[in-house]
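Each protein sequence line maps, in turn, to chains A and B.
The opening position of the first sequence corresponds to residue 1 in the working numbering, with each subsequent residue numbered one higher.
The opening position of the second sequence corresponds to residue 1 in the working numbering, with each subsequent residue numbered one higher.
Some hints could be false.
If chains are identical, the list can't say which one is meant, so a pair holds when it fits in one copy or spans any two.
Said to hold, decoys possible - Straight-line alpha carbon distances no greater than 35 Å define the calculated DSBU-like cross-link-like pairs of lysine-lysine that follow:
1) LYS415 / LYS25
2) LYS490 / LYS41
3) LYS93 / LYS144
4) LYS2 / LYS245
5) LYS2 / LYS431
6) LYS25 / LYS219
7) LYS4 / LYS414
8) LYS404 / LYS477
9) LYS369 / LYS312
10) LYS218 / LYS431
11) LYS41 / LYS414
12) LYS454 / LYS464
13) LYS414 / LYS389
14) LYS25 / LYS63
15) LYS473 / LYS67
16) LYS245 / LYS195
17) LYS93 / LYS477
18) LYS412 / LYS148
19) LYS389 / LYS409
20) LYS219 / LYS245
21) LYS195 / LYS67
22) LYS93 / LYS222
23) LYS389 / LYS464
24) LYS25 / LYS67
25) LYS314 / LYS6
26) LYS480 / LYS144
27) LYS369 / LYS461
28) LYS41 / LYS383
It is worth saying that the hints were derived from the structure and are not from the lab.
So the chains spell out like this:
There are 2 protein chains.
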Amino acid sequence: MKLKIKNLNWLAGRPVVFLNEETAKEMNVFANDRVAISNDKKIYAVVDIFPQIVKRNEIGLSKELTKALQMRNNSLVEVTTSEISNATALIGKKMRGGELTKEELNYLISEIVHNNITEAEIAYFTSAEKLQGMTMGEVVNLTKAMIKTGARLNFEGKYIADKHCIGGVAGNRTTPLVISICAVAGLTLPKTSSKAITSAAGTADVVETISNIEFPLKKIKKIVEENGACLVWGGSLGLAPADDKIIRVERLMNFDIEPQLLASIMSKKISVGSKYLIIDIPYGEGSKIDSLIKAKRLGRKFTHIAHKFKLKIKVVYTDGSEPIGNGVGPNLEMLDLLLILRNSPEAPKDLRKKALFLSSELMKLCGIKNSKEKAEEILNSGKAYQKFKEIINAQNGINNFDEKVSSLKFAKFKKTIVSSRTGKITQISNKGINSLCRILGTPETKTAGVYLHKHTGKITKGEKMITLYSESKSKLKEAKQFLKEFKPIKLK
Amino acid sequence: MKLKIKNLNWLAGRPVVFLNEETAKEMNVFANDRVAISNDKKIYAVVDIFPQIVKRNEIGLSKELTKALQMRNNSLVEVTTSEISNATALIGKKMRGGELTKEELNYLISEIVHNNITEAEIAYFTSAEKLQGMTMGEVVNLTKAMIKTGARLNFEGKYIADKHCIGGVAGNRTTPLVISICAVAGLTLPKTSSKAITSAAGTADVVETISNIEFPLKKIKKIVEENGACLVWGGSLGLAPADDKIIRVERLMNFDIEPQLLASIMSKKISVGSKYLIIDIPYGEGSKIDSLIKAKRLGRKFTHIAHKFKLKIKVVYTDGSEPIGNGVGPNLEMLDLLLILRNSPEAPKDLRKKALFLSSELMKLCGIKNSKEKAEEILNSGKAYQKFKEIINAQNGINNFDEKVSSLKFAKFKKTIVSSRTGKITQISNKGINSLCRILGTPETKTAGVYLHKHTGKITKGEKMITLYSESKSKLKEAKQFLKEFKPIKLK
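Isolated chain A (complex conformation) (with noise of 0.2 Å):
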């Protein structure tokens, strides 16, 4: 059927249409169904039901079908109803266990990052994906394919480096350290972060207090370039684009999906240009991964991944059983960064060593000798802490790091609970304190989460154990009941 075009400047996230009822009903197609529209080429898109916006025999396309198809209004197009895509045969073959070859994944990849493909089928791929498994070969693919379809930076520098942490440990902020002490020893680092999608925080939420974090890439190339490392925020940055949209879907799931994870962290590492990574596996009851077995199994998925690629690569795997520094939360955790990189007395000690502990494999792994003894000398000397503040002034623009930090603030309301006996907390659980932090209001609140004062280990009576803040006096109310409820601090 033949239908006039109505480009609509919405953005939907997926290929959507508006058809008015007459039409959808003389075409035989319902809200959610899905039509191919014929240019050049056959584009699917969904279709919305939405009288007011389109007459009869229009279409109304979203932002994404308007790229896609570069028509004018009112110009006639052919729409048929749902076909089954190439794209959907081939997610049809990874749903009954087939391998995909190279060329198949470049297709279905470059479908994804073109919007030809509904978040459903991603849902069915994924899903193929997790349970199905892929094989090593497909997951390098998959990365390479990723990359192709995305933006790519590069660099001059002899060590482009890069850290990463697969999560899921509470506080655990090293990467502004690390970042900070590694660019000091001469490394390059064009560190890119995530926002939290379900812990109280993520990398780029915390730098985000006192910083931009949001730019184009050619101005990242310019603070890397110019300040040897930079702290911003990965998501629009058009790095492996279909990543991201994959990741939308599969967090709807709330858990992880190995070919794609690694494929995922491999092509954004990849696409920034790194040739020397460090992967940082926390392990053990209450992280992502509960033993060091499973921890090396993903471990050496990584470095096969890697060495495809010609990176330099060390795992490591670390403590993941309890949080990791004092502050959970965006403001709570950037003191908690700002003490360290002051050295002062009352920085927390657990977050300290383990950043220096990271800073110190990634520079070795760049052939950097007596790194460890190096590490330190860059934090106690303030050279980690003079980096620091020069990355935030570049990427603010203006030299307003003394003013940024000191009107960091707590939430106005705040609760401490103190031990009720002398014994000993046996664990604190990262889910339940990201959960407690959400509760809160983080990772939006960025004066909201918890001080954790004590970790796991003896107590007296009477000892402060943790202080919670909220904007909202309802939302410490509801924070204080879930720790009573679900006891995310463990005391005997």
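Since chain A is already given, all that's left is putting chain B on it; use the hints.
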């Protein structure tokens, strides 16, 4: 964040909200992300960005959400960023291979009916059903949950009966024949049928060539009570509405998901009050199920579920290796049916035979003696034809059967292909014939399709093999090309 409600009369087929770009940015959500809207209970929706329609701090609701929330324009509602709903946790359980309890399936199906989960999540659910499987207990509970959330019909008659074919065979339009014959024999047959998804025509498409097929439930009840049967479209009746939503997602992938197929068919039969049921499972190369062993495995599952619902069931296994009947396409199939009902010598024998077999089996199941002879007598005597007329006239609300029949036309353009040599037709592919018909314009174009002059067996040079019908010259050309390239008819 509190947002101002704007109810929009727009049917998205899933719970969608419109946000303005600024609002989305403040909330840190992107197109296609999920938000939770808190009213009495939490309702989840996905985000579209549409600045023309909503201002800053406004939230535009799709029809589905307007209905679910029941809130006035300009009232304020709390909207928070994506969280994991309980339904998602249940889908996750199934993804990990867990068994869902009755209560869990009830909850999940109710969430689907109320549009509280996205189509991507439905994809994860059905994908897990396919790859992890379901126990028979789960399938029974799934069936129950789907019935519970839908509309139902009840009839007084002693023998409320139904037939169902799992499909996959081109032509094979037995339903109108079986319904007419069995209605004469005294059975009550509230028959609902579907439209074609990937085939050339569904029963509803064929009946629609001469009849109304869409009615409210009350009207269907009246038609059946007065005429003993109906031949209506089941799509808009709200019987097992969860299934309608699930089917729309799974149809994207073009494969059957067995637990869903079983629950889908059984829930719809039970919802219309059927007590006696015949299930036709065609098998053989080129049909949905390739061997008798697999067909019987599926048949046993139907029997198991039927017994749980105290339904009398008979499963028959029939030859599905090639098309049945000569015409394929809405009008062409209706013309075949009329030839059989009028006992014309040109009527396709295979279709007639199969319809008689199914009718006799269904009558026997209801305890009717000498059912084979009785079915033949009903058809031969013209009583079945009379009943068919009666049903169609009742559905049209006016005695216009003859008029409707005489207006049945063939498409404007046709092309007959004759055999290039004397030999044997060794195979006619169901899928190939269906694809050929779709190219020619079915099911949208009622007059399009093919006429098979021959089935498998001997053929002499110059004998007519197949005639193609289309309203479009270019489609006819495309079909000829398809015939040449993919050879759906194998000649040796």
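Checked hints:
no.	hint	result
1	LYS415 / LYS25	between (59 Å within a copy, 30 Å between copies)
2	LYS490 / LYS41	between (60 Å within a copy, 31 Å between copies)
3	LYS93 / LYS144	both (20 Å within a copy, 32 Å between copies)
4	LYS2 / LYS245	both (31 Å within a copy, 27 Å between copies)
5	LYS2 / LYS431	between (53 Å within a copy, 27 Å between copies)
6	LYS25 / LYS219	between (50 Å within a copy, 21 Å between copies)
7	LYS4 / LYS414	between (59 Å within a copy, 30 Å between copies)
8	LYS404 / LYS477	within (30 Å within a copy, 71 Å between copies)
9	LYS369 / LYS312	within (16 Å within a copy, 81 Å between copies)
10	LYS218 / LYS431	neither (37 Å within a copy, 52 Å between copies)
11	LYS41 / LYS414	between (59 Å within a copy, 28 Å between copies)
12	LYS454 / LYS464	within (8 Å within a copy, 89 Å between copies)
13	LYS414 / LYS389	within (29 Å within a copy, 78 Å between copies)
14	LYS25 / LYS63	both (24 Å within a copy, 18 Å between copies)
15	LYS473 / LYS67	between (46 Å within a copy, 32 Å between copies)
16	LYS245 / LYS195	both (15 Å within a copy, 33 Å between copies)
17	LYS93 / LYS477	between (51 Å within a copy, 31 Å between copies)
18	LYS412 / LYS148	neither (48 Å within a copy, 49 Å between copies)
19	LYS389 / LYS409	within (19 Å within a copy, 81 Å between copies)
20	LYS219 / LYS245	within (24 Å within a copy, 46 Å between copies)
21	LYS195 / LYS67	both (28 Å within a copy, 33 Å between copies)
22	LYS93 / LYS222	neither (44 Å within a copy, 47 Å between copies)
23	LYS389 / LYS464	within (32 Å within a copy, 85 Å between copies)
24	LYS25 / LYS67	both (27 Å within a copy, 22 Å between copies)
25	LYS314 / LYS6	neither (53 Å within a copy, 53 Å between copies)
26	LYS480 / LYS144	neither (47 Å within a copy, 40 Å between copies)
27	LYS369 / LYS461	neither (47 Å within a copy, 86 Å between copies)
28	LYS41 / LYS383	neither (57 Å within a copy, 53 Å between copies)
Checked against the numbered hints given earlier, this structure breaks hints 10, 18, 22, 25, 26, 27 and 28; the rest are met.
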